[in-house]
Amino acid sequence: MEWASQLCENRGLGSKMTDSKYFTTTKKGEIFELKAELNSDKKEKKKEAVKKVIASMTVGKDVSALFPDVVNCMQTDNLELKKLVYLYLMNYAKSQPDMAIMAVNTFVKDCEDPNPLIRALAVRTMGCIRVDKITEYLCEPLRKCLKDEDPYVRKTAAVCVAKLHDINAQLVEDQGFLDTLKDLISDSNPMVVANAVAALSEIAESHPNSNLLDLNPQTINKLLTALNECTEWGQIFILDCLANYTPRDDRESQSICERVTPRLSHANSAVVLSAVKVLMKFMEMLPKDLDYYGTLLKKLAPPLVTLLSAEPELQYVALRNINLIVQKRPEILKHEMKVFFVKYNDPIYVKLEKLDIMIRLASQANIAQVLAELKEYATEVDVDFVRKAVRAIGRCAIKVEQSAERCVSTLLDLIQTKVNYVVQEAIVVIKDIFRKYPNKYESVIATLCENLDSLDEPEARAAMIWIVGEYAERIDNADELLESFLEGFHDESTQVQLQLLTAIVKLFLKKPTETQELVQQVLSLATQDSDNPDLRDRGYIYWRLLSTDPVAAKEVVLAEKPLISEETDLIEPTLLDELICHIGTLASVYHKPPSAFVEGGRGVQHKRLPARAGSGESAESPDVGQAVSAVSDAPPAVIPSQGDLLGDLLNLDLAPPTSNVPPVPSSMQMGAMDLLGGGLDSLMGDESETSASHYRTEVQSPQPPECSERELGGDVGGSPAMGVSLGGAPVGMPAGLGAAPAVGGGLGDLFDLGGGVGVTAGSYIPPKTVWLPAMKAKGLEISGTFARRSGVIHMDLSFTNKAMSVMTDFAIQFNKNSFGLAPAGPLQVLTPLSPNQTVDVSLPLSTTGPVMKMEPLNNLQVAVKNNIDVFYFSCQYPISLLFVEDGKMDRQVFLATWKDIPSENEAQFQIKDCHLNSDAASNKLQGSNIFTVAKRTVDTQDMLYQSVKLTNGIWMLAELRIQTGNPNSTDLELSVKCRAPEVSQYVYQCYELILRN
Amino acid sequence: MIGGLFIYNHKGEVLISRVYRDDIGRNAVDAFRVNVIHARQQVRSPVTNIARTSFFHVKRSNIWLAAVTKQNVNAAMVFEFLYKMCDVMTAYFGKISEENIKNNFVLIYELLDEILDFGYPQNSETGALKTFITQQGIKSQHHTKEEQSQITSQVTGQIGWRREGIKYRRNELFLDVLESVNLLMSPQGQVLSAHVSGRVVMKSYLSGMPECKFGMNDKIVIDKQGKGGTTDEAGKSELGGSSGKQSIAIDDCTFHQCVRLSKFDSERSISFIPPDGEYELMRYRTTKDIILPFRVIPLVREVGRTKLEVKVVIKSNFKPSLLAQKIEVRIPTPLNTSGVQVICMKGKAKYKASENAIVWKIKRMAGMKESQISAEIELLPTNDKKKWARPPISMNFEVPFAPSGLKVRYLKVFEPKLNYSDHDVIKWVRYIGRSGIYETRC
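These protein sequences, in sequence, are chains A and B.
Under the numbering used here, the first residue of the first sequence carries the number 1, and numbering increases by one thereafter.
Under the numbering used here, the first residue of the second sequence carries the number 1, and numbering increases by one thereafter.
Where hints are given, some of them may not hold.
[To be verified] Rough simulated footprint, nothing fancy, chain A against chain B, three-plus residues with beta-carbon under 8 Å: (1) 104-116; (2) 205-211.
[Claimed, not checked] Below, a list of computed lysine to aspartate or glutamate pairs in the EDC-like style, where the Cα atoms sit at most 16 Å apart: (3) K130/B / E278/B; (4) K145/B / D531/A; (5) K94/A / D251/B; (6) K145/B / D113/A; (7) K350/B / E370/B; (8) K59/B / D809/A; (9) K263/B / D479/A; (10) K288/B / E331/A; (11) K299/A / D22/B; (12) K338/A / E376/B; (13) K299/A / E328/B; (14) K298/A / D22/B; (15) K299/A / D251/B; (16) K352/B / E370/B; (17) K147/A / D98/A; (18) K288/A / E331/A; (19) K298/A / E328/B; (20) K61/A / D30/B; (21) K35/A / D77/A; (22) K61/A / D289/B; (23) K84/B / E311/A; (24) K94/A / D22/B; (25) K145/B / E229/A; (26) K222/A / D166/A; (27) K865/A / E982/A; (28) K288/A / E336/A; (29) K263/B / E258/A; (30) K418/A / D479/A; (31) K298/A / E278/B.
Since the hints were made in silico from the structure, they are not lab data.
Ideal placement from N, C-alpha and C gives every residue a C-beta, glycine not left out.
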């Protein structure tokens, strides 16, 4: 309020009347004084007093005590005074509902005034008074005003319906105002149409399922006609409303587009952006080979570029939207890189957004220019901007291979500047460049090492440590460098600690002789002196690995790394599509769906892009797909086709599972299992074999973790780690280790142990079926099923002796099969099987056997031998057997992988009549290692994004759509994407099986 | 839609507060002050979300205008509205300053009531508003019934920007082609980016409801005419000079509300009924064949750690008969500059320590001339590791031609109801090319 008083001198300034003097009402007793003035007979004095009241109100002073006196001034023919009183009423009516009634009469009277301006003023103000009692009185005048002869009154009344609806929705419906409002869409005056559209759109938002707007070709035509004639704001309302319409076919879509494109030349940026929204949305429906489609794409670029010459705030909104458009349709702006170059005096928020778009548009064609620019930016003042620019240089290197060399040398130049944050940022990106192009740029390591001391940010330190560890063999003093970091181990952030641990283990594996002490030190720091569970767990895993099987450790720790993504911060495709439907709005500025920032249910329903007409593909975007590259660590070709499918079982190459990596450390020796040869009997009796499988059972049975781990520890022994109690923490798979792809053999078992213990047996096990009828097998009946328990695949078999003689000497062997299933141990039918006796056996299986593609894929040919004969049968296993426990994909990776898998690899299925909701389905599926990575709710649909990993490392991504809104539609839709699309239908079968049971 | 609109002074005190929606409370006023105005360094976006409430702000001198909402509003519209609001206020009481706002707070409330209804922007054309929202306030009640309906039909009508019954003794119009030429050049003289953003501003003093048609040397139109053989002889070079390029390629253009966009889209003809007085008819952007009026050739040499030698040559590149004015070259100097000696052939040059730059001003310079400045900059030794960023050398100037090459070919006026013809209208055309961001890196 102080500022109000300093303008006192204006009071006496003579003829030119100013209003600032009214801000001088702070003195005590002012309210009393004002009261007197308000009740004065003189009109001028009254008006002065009301002005003072409004001024007090503005600065937040409570002048509600004057309510009756102000309302008394309402009955006046002075329009200015009336407006001021109305303003006061709108502010305070809610706090004084009883007295507000006093105003009703005047309102009703004003609604009949011959002057249309006054009628409109009354109806406009009345709608803003949120008092129930007044609302009732409002209905009649409003009804009249909606049909008023003057368009100015009608356009005001149209908005008033929305106001009233906000106060009392039921009343509006009961009074039939909605129908009147709908009629106004056909009004002759364009502004009335625009306001009616705005009001209806708003009301429709709170009734998502009502067909309130009832957009049909006729109304659309009316709207398009009004579009040419109404004010810029009206055009925005109409375009935003049009964007909610879904044309019936591509021809209608095209004709709307044709009538909307002229708006792209409007001076008002919001009109342009709303038109862009309509076009971007309806374009989805146009066939791509249509000439018009190409024309439209060309027409979109210039107006988007023009938006960049608007005021900075609008530029910001435009850039945020362009960011979305570039992701959705990169072809529109691919030649416009230059306009996104940063200007020296752009506001920082514009600079940062431009930089983002520059990276997205960078390609081989323009990379030289982009790099030159980025180099300039890296010398600017603003720290955030400089960092982002440096990071962008790294992104360019990763995105455009041809530029990598130049990028690296640019980064080295920047490191030479010794500007602390530039150096750190450069090191972080160089790490990624090393990842992307291994064995190419390691010559720069020496330069990087020079800057070790200046790194004070965790991310940069971690990156540097990673580099030292990764290239330990090329850095002579790697051990010294890492040791220097180790000194302050406990002061480092977790990120750095984890990286340091891994780096030293890498170093040890590369130079075991000199670094034993160092690795001991870091392991004990990580496991004994740290209370961070991640760090401890990772420490233990390394320790265990190193002490059990250094070869395996090497395979895990120094495994080949998955490719890193070329694109960063990509928006998930369904969210992107939704945001495209929200172009121009806040959602597109925040890059978040409205539900993320809007309270309540208003306007948060999800929007979807229309599907392209005449093609089965959903709202996918192949263009973006091309721009994105692989992030998957799944090998593309997995199932080698090996010659003749119908190999004679007798000629089977019965290679033992040991031929790969031994499943369990050396203590276990599996002999070659020659089913048909004479070695079988001796094998059965083999001491080591039995003990090995005994050991196996112990590991696999779901015992408390400490127990089994100690067991393991005791077994392998010999390392200090084994003396340490594990404290019951189940050994999970820390993220860092997860980077190692497809852990095979013994390591697989090690992790299965960890994973298996944690997972409760929730998977569906189909009942046993007869695989080998007695008739065909000389009295031996075999029925069986498959199950996955604690991460180990079991074949549960029942042997029934239906013959008259005792059966002994059982053995089993598999033909080569698609996923390399093989018995992990011999068949344990230890006692002879008497006639009519049944014995249940559970045979653990490994997936390290020989691989051959079968038809169907999940076919398994089995040979069983007993003392009587050899019998052959085939059975099919549910593919869910092969879903491993670490099949939960990281969200980001999921997103990138999904995009990366070409859409022809996508298979669609329907699961009919399934009554599960998304949570139940998700839980059920999780039991079988189908993991829900993310869930989104769109309209009345829940979408579950799920990942599955097979034992052979194939990833399968699925989107499961569950209707939630309509209890009658119980069909689920399943889309499966996989690099090996032949697996998809088996996955679908599993979904069916699991969800139905 | 917009839930509320607040205007603050630089200290964050509220000058105007108008709430349109129930979901916006008084605390929103304080939230913006605390989180944005008082923390302006940290806020790096014109859109801020505080406790699920979104604030859009623009600043005019030291006045903050903020629009508040809790819904998913059309963000572009909100900013366009805020700019419009500023235009309307400027049209009513001049500069947007704390004093003017306080002096006109009743008027501002009245305007806000009119141009924003329940948060939906309504007709905000000043021409229309001024007919019924007046600073006198009382005038409105003296309107006759006809006048009233005329007001309302204008506010809601198709031609909301012009009222009927305007009369001038002398029908006259002024066209200003105002261009700002933008350049970013590498130290080696390579054009990194260049574009012209131009505006055609029209001042019209025409009676009645005149129908206008505007023509320029737009490549698309000229080519089309050339092909069709129906060259509009009457219109050709009626107004513009005949020199320069035949036609120019316009990358994109936008038009004032009054221009019939669908007609432009289909025929590329610009036809409209103009508002009365001054307004911006169109904006356009060109990137091809731009005439760069000046070239800046910089030479910076670091002599040891404490001295810098700078030599800058500027060359004017247009017809010798034309004169450029208000030429200013700004050569940035490092922060640790201790002293500067400047020698220039023409104009005046001064080192301005507060702006960290040498400012070289030349009043006039003809085309095809060259001028040079050299400076020795003494530096204080510093242990600051960070290198000097070397901001680009920027230039300001004004030239009497359009760097894009745009020429006005005709502006025809038809007013069938009143008895004046196109020939009776006095027309003036002026071309002004100004520097936008005209920078050369050094």
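Hints and how they fare:
{"no.": "1", "hint": "104-116", "in the structure": "holds (count 7)"}
{"no.": "2", "hint": "205-211", "in the structure": "violated (count 0)"}
{"no.": "3", "hint": "K130/B / E278/B", "in the structure": "holds (15 Å)"}
{"no.": "4", "hint": "K145/B / D531/A", "in the structure": "violated (84 Å)"}
{"no.": "5", "hint": "K94/A / D251/B", "in the structure": "violated (54 Å)"}
{"no.": "6", "hint": "K145/B / D113/A", "in the structure": "holds (12 Å)"}
{"no.": "7", "hint": "K350/B / E370/B", "in the structure": "violated (20 Å)"}
{"no.": "8", "hint": "K59/B / D809/A", "in the structure": "violated (91 Å)"}
{"no.": "9", "hint": "K263/B / D479/A", "in the structure": "violated (75 Å)"}
{"no.": "10", "hint": "K288/B / E331/A", "in the structure": "violated (22 Å)"}
{"no.": "11", "hint": "K299/A / D22/B", "in the structure": "violated (41 Å)"}
{"no.": "12", "hint": "K338/A / E376/B", "in the structure": "violated (35 Å)"}
{"no.": "13", "hint": "K299/A / E328/B", "in the structure": "violated (39 Å)"}
{"no.": "14", "hint": "K298/A / D22/B", "in the structure": "violated (44 Å)"}
{"no.": "15", "hint": "K299/A / D251/B", "in the structure": "holds (11 Å)"}
{"no.": "16", "hint": "K352/B / E370/B", "in the structure": "violated (24 Å)"}
{"no.": "17", "hint": "K147/A / D98/A", "in the structure": "violated (30 Å)"}
{"no.": "18", "hint": "K288/A / E331/A", "in the structure": "holds (13 Å)"}
{"no.": "19", "hint": "K298/A / E328/B", "in the structure": "violated (39 Å)"}
{"no.": "20", "hint": "K61/A / D30/B", "in the structure": "holds (14 Å)"}
{"no.": "21", "hint": "K35/A / D77/A", "in the structure": "violated (21 Å)"}
{"no.": "22", "hint": "K61/A / D289/B", "in the structure": "violated (61 Å)"}
{"no.": "23", "hint": "K84/B / E311/A", "in the structure": "holds (12 Å)"}
{"no.": "24", "hint": "K94/A / D22/B", "in the structure": "holds (10 Å)"}
{"no.": "25", "hint": "K145/B / E229/A", "in the structure": "violated (26 Å)"}
{"no.": "26", "hint": "K222/A / D166/A", "in the structure": "violated (27 Å)"}
{"no.": "27", "hint": "K865/A / E982/A", "in the structure": "violated (33 Å)"}
{"no.": "28", "hint": "K288/A / E336/A", "in the structure": "violated (22 Å)"}
{"no.": "29", "hint": "K263/B / E258/A", "in the structure": "holds (13 Å)"}
{"no.": "30", "hint": "K418/A / D479/A", "in the structure": "violated (25 Å)"}
{"no.": "31", "hint": "K298/A / E278/B", "in the structure": "violated (34 Å)"}
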